[in-house]
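Chain residues, written in single-letter form:
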Amino acid sequence: MSAEGNYYVPDQSRLPIFASLGLFLTVYGAATKLNGGGWTIFMLGAVVMAVVLWSWFSTVISENIAGLNSNQLKKSYVWGMGWFIFSEVMFFAAFFGALFYIRNFALPWLSGEGDTSTTNAILWSGFEAQWPLMVTPDMAANGDAAKVVGPGQNMSITTAESIWSWLPLWNTIVLLTSSVTVHFAHTALKNNNKKGFNIWLGITVALGILFLVLQAEEYIHAYSVDLTLDSGVYGTTFFMLTGFHGAHVTLGTFMLLVMWLRSVLKGHFKHEDCFGFEAASWYWHFVDVVWVGLFIFVYILG
Amino acid sequence: MAHGPAKGFTRWLYTTNHKDIGSMYLWFSFAMFLLGGVFALVIRAELFEPGLQIVEPGFFNQMTTMHGLVMVFGAVMPAFVGLANWMIPMMVGAPDMALPRMNNWSFWILPFAFAMMVATLFMEGGGPNFGWTFYAPLSTTYAPPSVTFFIFAVHIMGASSIMGSINIIATILNMRAPGMTLMKMPLFVWTWLITAYLLIAVMPVLAGVVTMMLMDIHFGTSFFDAAGGGDPVLFQHVFWFFGHPEVYIMILPAFGIVSAIIPTFARKPLFGYSSMVYATASIAFLSFIVWAHHMFTVGMPIAGELFFMYATMLIAVPTGVKVFNWVTTMFRGAMTFETPMLFSIAFVILFTIGGFSGLMLAIAPADFQYHDTYFVVAHFHYVLVPGAIFSITAGVYYWLPKWCGNMYNETMGKTQFWMAFIGLNLTFFPMHFVGLAGMQRRVPDYNQFFADFNMISSCGAFLFGAAQIMLLYNVISTIRGGKKATDEVWENPEGLEWTVASPAPYHTFSTPPAVK
Ligand code: HEM
Ligand SMILES: [Cu+2]
Chain L
1 MSAEGNYYVP DQSRLPIFAS LGLFLTVYGA ATKLNGGGWT IFMLGAVVMA
51 VVLWSWFSTV ISENIAGLNS NQLKKSYVWG MGWFIFSEVM FFAAFFGALF
101 YIRNFALPWL SGEGDTSTTN AILWSGFEAQ WPLMVTPDMA ANGDAAKVVG
151 PGQNMSITTA ESIWSWLPLW NTIVLLTSSV TVHFAHTALK NNNKKGFNIW
201 LGITVALGIL FLVLQAEEYI HAYSVDLTLD SGVYGTTFFM LTGFHGAHVT
251 LGTFMLLVMW LRSVLKGHFK HEDCFGFEAA SWYWHFVDVV WVGLFIFVYI
301 LG
Chain V
1 MAHGPAKGFT RWLYTTNHKD IGSMYLWFSF AMFLLGGVFA LVIRAELFEP
51 GLQIVEPGFF NQMTTMHGLV MVFGAVMPAF VGLANWMIPM MVGAPDMALP
101 RMNNWSFWIL PFAFAMMVAT LFMEGGGPNF GWTFYAPLST TYAPPSVTFF
151 IFAVHIMGAS SIMGSINIIA TILNMRAPGM TLMKMPLFVW TWLITAYLLI
201 AVMPVLAGVV TMMLMDIHFG TSFFDAAGGG DPVLFQHVFW FFGHPEVYIM
251 ILPAFGIVSA IIPTFARKPL FGYSSMVYAT ASIAFLSFIV WAHHMFTVGM
301 PIAGELFFMY ATMLIAVPTG VKVFNWVTTM FRGAMTFETP MLFSIAFVIL
351 FTIGGFSGLM LAIAPADFQY HDTYFVVAHF HYVLVPGAIF SITAGVYYWL
401 PKWCGNMYNE TMGKTQFWMA FIGLNLTFFP MHFVGLAGMQ RRVPDYNQFF
451 ADFNMISSCG AFLFGAAQIM LLYNVISTIR GGKKATDEVW ENPEGLEWTV
501 ASPAPYHTFS TPPAVK
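Line order of the protein sequences matches chains L and V.
Per full-length UniProt numbering, residue 1 is the first one in the first sequence, and the count goes up by one each step.
Per full-length UniProt numbering, residue 1 is the first one in the second sequence, and the count goes up by one each step.
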């Protein structure tokens, strides 16, 4: 609660209206592109967004340096970031929910469980529920053989020669380690150890990039054995869940990279004044937690 | 910071002031309300008589869809956010919203989003025609190409809602004046705090479901396609996981508004303040576990039917607590019936009717008869029109003198109320009968048998529409002049907003007031 005087209410600002414009151009351009148009509007929107976000963040940073941000305002930023992350959690929840529903309800029903046997016989005769789903209802009804067959061709652990050659395990190790290193960076900062901070944060960024490389590796492998986004609901859930997670890791890595550059190049962040870094690190822990969910529900139980 | 508003129209583009932004939200919402109203009148004109006369069936479908989408996302939600912007900082004694620039961004996304959404009507293949609930595969396999634009419009207005609610939460939790403890906050603030949590929890799920549609349409995934192992019913689950809390997003702030108005005109403190808070919180919680009551006829296992039936009925308990409290507040009060109070009383009565028809719909076996008929249309219009629209109107009349410093014209206000009240009941009450008798919703033609009631409904709709033009006129003439309002405006109203001058200065509470 406000005991400490004036809360900083910024003057008029051009940033938000251009942010709205940029966002609009981006999505309008994306829709145009998807409906068979070109990239121009999308690219234009992306550029506007990039410029706006750059200046928006620089404005906030310089306001902070100028001492305009009271503790109360900082608390608003903390609430803001916290609930933003919660909204992201709910976004993932929708996709995890879809995975749960498909595995536990949709597939058994399609295969005629309970009182759905007539539907199965008439529409998808021969379809049997399995996970990972290799033969979709459509393929079963048409008598097609699975394109994706046998071990080594889906992402579950049972198919790896040994646990050590199982890529998702390495991904997990990399990401969990990075959560620890970002924590070390934070501790170093709290102890006024700027050098330690830079090193640990740098390592975290490197681990983030390593994770993305491994993930790309895995996708290439998947596509090489015909496990694709449009290969049925297994590919759908697999790529959408891991894909959105990967997109969030990319964003998180980028955020941490920016924080690292700010620290190394501009000497930003003091032990009691490091919200930008902290926000990025919370985000990083969040993508990590989502990964643990993925590891359990998509990979181990996959 | 003691300065006034900037000059010129860029004031509105660049503003960071919660009052400016609140006004823009309210005007935007009113424009959308009129647009959605025009769509509704097209529907009612077509249904005036049986047979097809005015519009093509395909266009009729676009009208029902756009009417629903524009009213829900364009009229009701932004109106509540507008009221929140205007009132919450004043009610908790804060200088502005917690994150003023983001506040501007949340607003200005909306005109772009709706321009894009309405523009789909002019695109090849027409606009969305699959109902506001956009069930797959109607909205995926069989959708017009413009659905892609619809999807992205939903994405960005969802972003706007999420930013708006983050702002509201941060304002309420972080910016209250010293002494303003949580249990001293006006109920409008409480209900909005809870609404904001609902929004943050379900708007991302809506984003998720439209993303799944986008992927199914353009990238060959099979979320909603049984051929690939997905399930169209999955769409309905995810949609209604968002959708049911969404209906509470449209009603909880309304509860807050009438809880402010009724005590003022009954000249008694609100009965059962803390039970109101707990009831609101329980409703919000329950709203997450009832979604499949919209899907009783889709073929769920019996355990699901039962669970969702009983859970839905539970909601009637906290809702009943609220109605009881409003009635008890009025009981033996020294009541007067100014326009805001008329709208609030109508709210209590008509919303209760909607609640009862909701209970009927909640009975799973009975819903097999009611589902997708005009009975459902009657139900949700009884909760939304007297619920959301009447409370917003009541709020506008109640706070307008504070906003612009002038009193509105009471005679005109009352006339508008009676027009709206009669129009609304003429429009929606007969829908209960035709619905129970089996008239389907979302169909441009109907059996001769339903002709009389439909004609009454259509007349009522035009009367209701006329009432809104009157509201517009009354608001504009109040802004331009009229009797000066006192700072208190009403007799001993409660709340910090009445301690500042009328019209409220551009910046209020730059230093926090002390709250006893
Ligand atoms: C006592 C409280 C309530 C109960 C028990 C209840 C129950 C129901 C049920 C069971 C349905 C599904 C009917 C069907 O499609 O067959 C329904 C539909 C609906 N309700 Fe309610 N409801 C309640 C309150 C509300 C409130 C407060 C609102 C909004 C302010 C609301 C808005 C709607 C809407 C918009 C629909 C129709 C959705 C559609 O299919 O387009 N309801 N309600
Ligand atoms: Cu519902």
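Rather than coming from a laboratory, the hints here were simulated on the basis of the structure.
C-beta atoms are modelled at their ideal positions from N, C-alpha and C, and glycine is treated no differently.
It cannot be assumed that every hint is accurate.
Stated by the list, open to error - The following residues of chain V were derived to be distant from chain L, with all beta-carbon distances above 10 Å:
1) Ala207
2) Thr328
3) Ile469
To be verified - Derived SDA-like pairs: lysine to any residue, alpha-carbon spacing no greater than 20 Å straight-line:
4) Lys33/L / Gly179/V
5) Lys33/L / Ala115/V
6) Lys75/L / Glu338/V
7) Lys33/L / Ser510/V
8) Lys33/L / Ala303/V
9) Lys33/L / Pro178/V
10) Lys483/V / Pro503/V
11) Lys33/L / Phe219/V
12) Lys270/L / Lys33/L
13) Lys516/V / Pro503/V
14) Lys33/L / Thr141/V
15) Lys194/L / Ile65/L
16) Lys75/L / Pro178/V
17) Lys484/V / Glu338/V
18) Lys266/L / Asp11/L
19) Lys74/L / Met123/V
20) Lys194/L / Glu272/L
21) Lys75/L / Ser510/V
22) Lys7/V / Ile17/L
23) Lys75/L / Lys484/V
24) Lys75/L / Phe219/V
25) Lys75/L / Glu410/V
26) Lys74/L / Ile203/L
27) Lys266/L / Trp164/L
28) Lys75/L / Met123/V
29) Lys74/L / Lys7/V
30) Lys194/L / Lys75/L
31) Lys7/V / Asp11/L
32) Lys33/L / Thr181/V
33) Lys74/L / Gly126/V
34) Lys7/V / Pro10/L
35) Lys266/L / Ser13/L
36) Lys7/V / Trp79/L
37) Lys33/L / Lys484/V
38) Lys268/V / Ser510/V
39) Lys33/L / Lys268/V
Each hint, compared with the structure:
{"no.": "1", "hint": "Ala207", "in the structure": "violated, 6 Å"}
{"no.": "2", "hint": "Thr328", "in the structure": "holds, 32 Å"}
{"no.": "3", "hint": "Ile469", "in the structure": "holds, 30 Å"}
{"no.": "4", "hint": "Lys33/L / Gly179/V", "in the structure": "violated, 54 Å"}
{"no.": "5", "hint": "Lys33/L / Ala115/V", "in the structure": "holds, 18 Å"}
{"no.": "6", "hint": "Lys75/L / Glu338/V", "in the structure": "violated, 42 Å"}
{"no.": "7", "hint": "Lys33/L / Ser510/V", "in the structure": "violated, 48 Å"}
{"no.": "8", "hint": "Lys33/L / Ala303/V", "in the structure": "violated, 45 Å"}
{"no.": "9", "hint": "Lys33/L / Pro178/V", "in the structure": "violated, 53 Å"}
{"no.": "10", "hint": "Lys483/V / Pro503/V", "in the structure": "holds, 12 Å"}
{"no.": "11", "hint": "Lys33/L / Phe219/V", "in the structure": "holds, 13 Å"}
{"no.": "12", "hint": "Lys270/L / Lys33/L", "in the structure": "violated, 45 Å"}
{"no.": "13", "hint": "Lys516/V / Pro503/V", "in the structure": "violated, 24 Å"}
{"no.": "14", "hint": "Lys33/L / Thr141/V", "in the structure": "holds, 19 Å"}
{"no.": "15", "hint": "Lys194/L / Ile65/L", "in the structure": "holds, 18 Å"}
{"no.": "16", "hint": "Lys75/L / Pro178/V", "in the structure": "holds, 16 Å"}
{"no.": "17", "hint": "Lys484/V / Glu338/V", "in the structure": "holds, 17 Å"}
{"no.": "18", "hint": "Lys266/L / Asp11/L", "in the structure": "violated, 26 Å"}
{"no.": "19", "hint": "Lys74/L / Met123/V", "in the structure": "violated, 46 Å"}
{"no.": "20", "hint": "Lys194/L / Glu272/L", "in the structure": "holds, 13 Å"}
{"no.": "21", "hint": "Lys75/L / Ser510/V", "in the structure": "holds, 18 Å"}
{"no.": "22", "hint": "Lys7/V / Ile17/L", "in the structure": "holds, 17 Å"}
{"no.": "23", "hint": "Lys75/L / Lys484/V", "in the structure": "violated, 40 Å"}
{"no.": "24", "hint": "Lys75/L / Phe219/V", "in the structure": "violated, 42 Å"}
{"no.": "25", "hint": "Lys75/L / Glu410/V", "in the structure": "violated, 44 Å"}
{"no.": "26", "hint": "Lys74/L / Ile203/L", "in the structure": "violated, 28 Å"}
{"no.": "27", "hint": "Lys266/L / Trp164/L", "in the structure": "violated, 41 Å"}
{"no.": "28", "hint": "Lys75/L / Met123/V", "in the structure": "violated, 46 Å"}
{"no.": "29", "hint": "Lys74/L / Lys7/V", "in the structure": "violated, 31 Å"}
{"no.": "30", "hint": "Lys194/L / Lys75/L", "in the structure": "violated, 24 Å"}
{"no.": "31", "hint": "Lys7/V / Asp11/L", "in the structure": "holds, 13 Å"}
{"no.": "32", "hint": "Lys33/L / Thr181/V", "in the structure": "violated, 51 Å"}
{"no.": "33", "hint": "Lys74/L / Gly126/V", "in the structure": "violated, 47 Å"}
{"no.": "34", "hint": "Lys7/V / Pro10/L", "in the structure": "holds, 17 Å"}
{"no.": "35", "hint": "Lys266/L / Ser13/L", "in the structure": "violated, 25 Å"}
{"no.": "36", "hint": "Lys7/V / Trp79/L", "in the structure": "violated, 33 Å"}
{"no.": "37", "hint": "Lys33/L / Lys484/V", "in the structure": "violated, 55 Å"}
{"no.": "38", "hint": "Lys268/V / Ser510/V", "in the structure": "violated, 31 Å"}
{"no.": "39", "hint": "Lys33/L / Lys268/V", "in the structure": "violated, 60 Å"}
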